[in-house]
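A.B. asks: Line by line, the protein sequences give chains A and B.
Take this note's numbering: the last position of the first sequence gets the number 400, and nothing is skipped along the way.
Take this note's numbering: the last position of the second sequence gets the number 1103, and nothing is skipped along the way.
Some clues are possibly wrong.
[Said to hold, decoys possible] Not everything, but these chain B residues come out facing chain A in the computed CB check (under 8 Å): (1) L858; (2) G863; (3) A875; (4) L876; (5) R878; (6) L1012; (7) G1051.
Hint data in this document are derived by calculation from the structure and do not stem from the laboratory.
Ideal Cβ placement from N, Cα and C applies to all residues, glycine included.
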Amino acid sequence: MREWAAKHRWESILIVVLAATIVVNVSLSPFYLGFGNFVNLFWLSIEKIIVVIVMTFVIINGEIDLSVASVMGFSAAVMATLYEGGEMAFVLAIVIGIVAGALAGLLQGLVITRFGLPSLVVTLAGLIGFRGAARVLLEDRSVGDFPEWFERIGQQTLFGPFPVALVLFFVGLALAWIILERSAFGRKVYVIGNSADVARFSGIEVDSVKMRLFVASGTVAGLAGVLFAARVGAVQGTLGETYELDIITMVLLGGVSIFGGSGSMLGVVLALFTVLNIRNGLGLANIDGITQTGVIGLLLIGSVLVPNLARRYRLRRPAPEAMAHGPP
Amino acid sequence: MTESAVAEAAPKSTRFLRPERVKEATLLAIIAVSVLVFAFLIEGYLSGRFFNRVTTSVVVVTLLAAAQALVIFSRNIDLSVGSIVGVAAYLTGDFLAATGQGPITAVLVAIVVGAVLGSVNGLLVAYGGVPAIIVTLGTLALFRTLLSIYSEGANVLAGDLPSWVLEFNNVTLFTIAGFQVRLVFLIAVFVVVGLQFALARLRWGRRIYAIGSNPSAAAQAGLPTASLVFWSFVGSGALAGLAGFMFLARAGTISATAGAGLELESVAAAVVGGVSILGGSGTMVGAFLGAVFIDTLKLSLVRVPEVSEFWRDAFLGILILAAVILDTVLRNRFNRRWSAEARKAMESTGPSAVGMARMAGGGGGTADA
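Same shape as in the complex, but just chain A:
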């Protein structure tokens, strides 16, 4: 136990924070412990946390994708526009919407790898551009009246009390854990994140890995956009706006280094639980969304600052940084 905690310091801290949050929440509200609230906790942010899974890969790889929220809006807008046209089978519209997300990721990945441009800049352009594209498609309309089965996907339960999107999330999470921490591809993601040059000289196909991650990021964002449409029952050009900040915050809070190369799926899952619980608890205590976001912001800064300061004032041992995070 102690050994595990020493090796996974970040995850241990998160477990403590999460436990504290849960205890406070339980004492604050009698509604917290109900199963309905448990599903609700995930349910209100399900699209975000689905994207968090793929963003973890991107950031561990040493890149960032600021465009995810806009791609969500773009995919949903493509789907809604095709549906509105009325000619096309709705299933096909959904598929084309998700493919549009994949293409958005492909385009950005191509620019990043071919021109060697920083992903921060390229996906910033994507953030503005794909949001613009969604607005071009939908202008200021709101498209709704989707077929009944579509809204049922979004709003009704599949297995017992779990809605489809939630099942998708847990399946995706399990897959992501296997790929990231138990597959050769996952190892490559870490190695590239540590040093793209070293990876290149070791014969790893760096550009191909990056391309695949950006395509995956676009595809998952597209899927999340469609799920969002199913849950809410309407699509607007502003769908998902500013979600990227929350998504990136959850990943970084999970102990994933913004410089790439370290972090674990477990950490991200714990961070995700923590953020959702804090928001849920604050919500039950009638604290508004802006303040909730502020608390998360504070937590984000604190999550890096506190270990830094602790390290500075502890016994001055060499090279603590490499030991604190990351896989062995």
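Take the given structure of chain A and dock chain B to it, following the hints.
C.D. replies: Chain B in isolation, oriented as in the chain A frame:
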């Protein structure tokens, strides 16, 4: 790294053809071409009124692009500028509504508010060892939250402000053929030119570029990197505070969400203006031109009847992409040319000249030679 060393080492022709001059000239040419295209598309486009509108509206983004560039030069980023604008605008408006003070006090209040918030960022980044993107992502939310708590949902109303505030935007210093040169625009230009000069000529300016080019090398060379980074964040906050005052003067009514989203626009302006997101390279004038370009485009596109107003952001995205790709292509060209020149120099005079030629190339603040 000092400018004088470069002047001695470099032949005149290479000095003039610095990449940032080429970038600025290219951007200027692109702005000119797009203005001509719009003049062709829109009737009565080239009027004094449009010039006045652009020069007034570009002020906030210009100041923010400068704020952003200042921290990007040292390989940091400030995503909280939009929130700082909101806080500074709101607090200054509140202060003016309560006291009815004059412009100079108001500007000072806004700048101090911005600088204080910037110093929070600076402390955490420079002395707390937290990466700038994490700190400012956090303070982006945090500053906004504090403002929302402070405001309790109430707005600063234009009617409560002293009357000079709303006239401030229209104060015209002189008019040339219908083109009014307004005070706010002149202030923005003055700030940009002053910073450009300071960053190119003063020691701390060169040091900021040095940190951005290679932080660990700068630290090993004995530069006080922590305090330089700290003060660049304070400066960035102060500029965002000034932008907050300009925002107040333009909008009059300020809500708790004022200025939200400006952080991305400021990064976009700086990047379009040729400021490298990896630090160490770019100029204030470039960032200014980037802001002018984006603003001109935004204000012009809405007037083209064939284009729906919803195209604006889509265009903007494509534009940023085009700008950074062009920038990379240009830089690669230059690097190839310089390495060829350096090789030639080595053949004729021996290896010592190579270093000099490199310095001539890198002297203007370009990171990667």
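A.B. asks: All hints, please: hold or fail.
C.D. replies: Hint-by-hint comparison with the structure:
no.: 1; hint: L858; verdict: 6 Å, holds
no.: 2; hint: G863; verdict: 4 Å, holds
no.: 3; hint: A875; verdict: 3 Å, holds
no.: 4; hint: L876; verdict: 4 Å, holds
no.: 5; hint: R878; verdict: 6 Å, holds
no.: 6; hint: L1012; verdict: 6 Å, holds
no.: 7; hint: G1051; verdict: 2 Å, holds
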